[in-house]
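Chemist: Listed below are the residues making up each chain.
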Amino acid sequence: MCAIAAPEVFGSDEIGNAKILISGDVPEALHAKVRRAESNCPERAITITE
Amino acid sequence: MTDTQKPVKDMTTDYDIFDPEFVKNPYPGYSEIRESQCPIAHTDRHKGSWLPTRYDDVVAIAQEYETFTSRQILVMPPAEGRVEGPYAAVGAPPITSDPPDHHWHRRLILPVFAPQAVAKYETSTRNLCNALIDEFIDKGTADAAADYAQHIPVRVIATMLGVPLEMEPEFTDWVRGVLENMTDDEWRMRSFRSIVEFFLGQVEDRKKNPRENDLITDLMNAEVEGKKVPIEYVLGVCQLMLVAGIDTTWSAIGSCMWHMAQHPEHRKQLRENPDLWPTAIEELLRVYAPVTMARIVDHDIEFQGCPMKAGDRVLMAFPAANRDPRQFENPDEVILDRENNRHVAFGSGIHRCAGSNLARLELRVALQTWLARIPEFELVDPSSVTWAGGQVHGPRKCMVKF
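Which chain is which? The protein sequence lines are A and B, in order. When you line the first sequence up against this note's numbering, it's residues 3 to 52, in that order. When you line the second sequence up against this note's numbering, it's residues 114 to 515, in that order.
Worth flagging that the hints you see were computed from the coordinates, not collected in a lab. Yeah, the Cβ is synthetic: ideal placement off N, Cα and C, and Gly gets one too. Each hint should be verified, as a subset may be incorrect.
Stated by the list, open to error - When the alpha-carbon atoms are kept at most 30 Å apart in a straight line, the in silico DSBU-like pairs for lysine-lysine are as follows: (1) B:233 with A:21; (2) B:160 with B:122; (3) B:381 with A:35; (4) B:233 with A:35.
Unchecked claim - To give a feel for the contact side, a few chain A residues facing chain B, derived at Cβ under 8 Å: (5) 5; (6) 14; (7) 16; (8) 43.
Stated by the list, open to error - Going by beta-carbon spacing under 8 Å, a handful of chain A positions derived as facing chain B: (9) 6; (10) 17; (11) 18; (12) 38; (13) 41; (14) 42; (15) 44; (16) 45.
Please work from the sequences and hints to get the whole structure.
Modeler: The structure is reproduced here in C-alpha cells:
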C-alpha cells in the first residue's frame, strides 16, 4: 500500500515486504504522499518522526 | 429443518450467515450487530460461531494468532468423515498454518506474489479480458459475473500453476464446492478430493516429464534447510492457489462491476481522472471486501466480555470491519479518492493475503479494460442479480446491457 501511495519513498524487496528506498529526511515535496502512506497502512507499520 | 430454514429472531444471538437475505446484502445485518450492545454476536447455527463486527475487534483477533489459531479457517467446520485416505491431512498452507511452520510455509510463496513478480501478468490479463469482451460486445448484453469476472482469476491462476486452461470449468466447480456450498457435506468432500487428486496427478506427471517455469515445478524443487519440502506442502499450496485465488478475486471483480453498472458518476470520474485508479481500487476493495475468514480459539478466554471456549469458531468479518463508522467516515459511501483507508479486505497480521498484489492487478485490469470498451452500461434488472455469501461474498449472476 505504501508503495502505491508514495512510490518514491517505499518499495518492496524480492519477497514483497515493504522497504524504504531513501535515507534521511523525506523531501518536503513528498510529505503529503508519505502522510497518505502512513494513514493507509493496514498494519500501522509506518511512523513519521518530525 | 435445516439451520437456514428457521427465521432469525435476533442478529446478536441467532445470526445466520447463509440466510438468503443476508447472503444477498449482509451490510444491514453487520451494522445492526455492530451498533448493538453486543458487537460480537454469537449463533448456535451451522455448528456455532462468534461474529465480531467492529474494526478494532476484527483486527485484534487477526493479530492474536496464538489465541485465535488457523487450525481451521473456513466459516463452517470440515465435512464429517473428511479425514480419510493418504492425503486427507493436506491443508492450504500458509493460510491453515500456525507458527512455527507458518514462517517457511509463507516465506516460500511470497516471491511469487511480490509486486514486481505479478507485474508480468498485466499484459496477459488484459489480453484475456479483451478476449472475453470480444465474445459478447456485439450482443449488447452480458452477464458481468458469469461471462466476465468468473473467467479472469481462474485463468491467471491456472497459468501460474502450469495446469491446462481447458480445465477451467472443473476448477471453478471444485472451488465453488469448497467455498459456496458448505452446507452440502458430500459436495464439499468430493470437491476437496478432486482438487488433491488432480494436483497429485500433476506432480506425478512432472516427475516423469520434468518441466520448467511453473509454480508446481518450483514447489516440487523447493528446499528448506537442505531438504525437499513434503508432498503435502506442495499439494496444499496448490489447493490454496485454487481455493483462495479464484472465488475471492472473481467476487471482488463482480461486485465492482455491479457497482459500476449503477454508478455512471464513478465511471465518469475514472474516465476523466485516471490518476484516481490507485485509491479507487483500495476504496472498492474496502466497500466490497469479499472474504470472511475463521479462527479457532486455542484456550478459554474472555474477549471483550465474550466467554470464548477452546475450540470455538470466530468469524473475522472483514467486510463488516471495513464499514465500521468508528474507523471510516461515511463507511457505506464509495469515495474514490478517500484519504484515509486502512481497510482490511486482505486481512491483517501474519496471515495477511499473500496474493494481494495479484488480486489488485486483476481487479484494476478487469475494470479498466471493461470501462475502456464499454463505458456506458447498466443492470438489466437489479432484482435478478444473485449472490454467493458466507465465506466469500460476490455476485454470481449479474446481467448488464449496453
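Chemist: Using 8 Å as the Cβ threshold, decide whether residue 44 of chain A counts as touching chain B.
Modeler: holds (5 Å)
Chemist: Under 8 Å, Cβ to Cβ, is where residue 18 of chain A needs to be relative to chain B, so tell me if that hint holds or is violated.
Modeler: Cβ of residue 18 of chain A sits 4 Å from chain B, so the hint holds.
Chemist: Return the status of the interface hint for residue 14 of chain A: holds when the least beta-carbon distance to chain B is below 8 Å, violated otherwise.
Modeler: holds (5 Å)
Chemist: Holds or violated: residue 381 of chain B with residue 35 of chain A, Cα cutoff 30 Å?
Modeler: Status holds; Cα separation ~25 Å.
Chemist: The hint names residue 42 of chain A as touching chain B; please verify it with the least Cβ-Cβ distance against 8 Å.
Modeler: This interface hint holds because 5 Å falls under the 8 Å limit.
Chemist: Can you verify the interface hint for residue 6 of chain A: is its Cβ closer than 8 Å to any Cβ in chain B?
Modeler: Residue 6 of chain A check passes; min Cβ-Cβ to chain B is 5 Å, inside 8 Å.
Chemist: Checking hints one by one. Is residue 16 of chain A an interface residue toward chain B, by the C-beta closer than 8 Å rule?
Modeler: holds (6 Å)
Chemist: Go through the hint on residue 38 of chain A and say holds or violated, using the shortest Cβ distance to chain B against 8 Å.
Modeler: holds (7 Å)
Chemist: Does the alpha-carbon distance linking residue 233 of chain B and residue 21 of chain A stay inside the 30 Å limit?
Modeler: Measuring from Cα to Cα gives roughly 21 Å; hence the hint holds.
Chemist: Residue 17 of chain A was flagged as interface toward chain B. Is the shortest Cβ-Cβ separation under 8 Å?
Modeler: Result: holds, 4 Å to nearest chain B Cβ.
Chemist: Per the CB criterion, is residue 41 of chain A less than 8 Å away from chain B?
Modeler: holds (4 Å)
Chemist: Please verify whether residue 233 of chain B and residue 35 of chain A have alpha carbons no more than 30 Å apart.
Modeler: holds (26 Å)
Consistency with the previously given hints is maintained throughout, with no hint failing.
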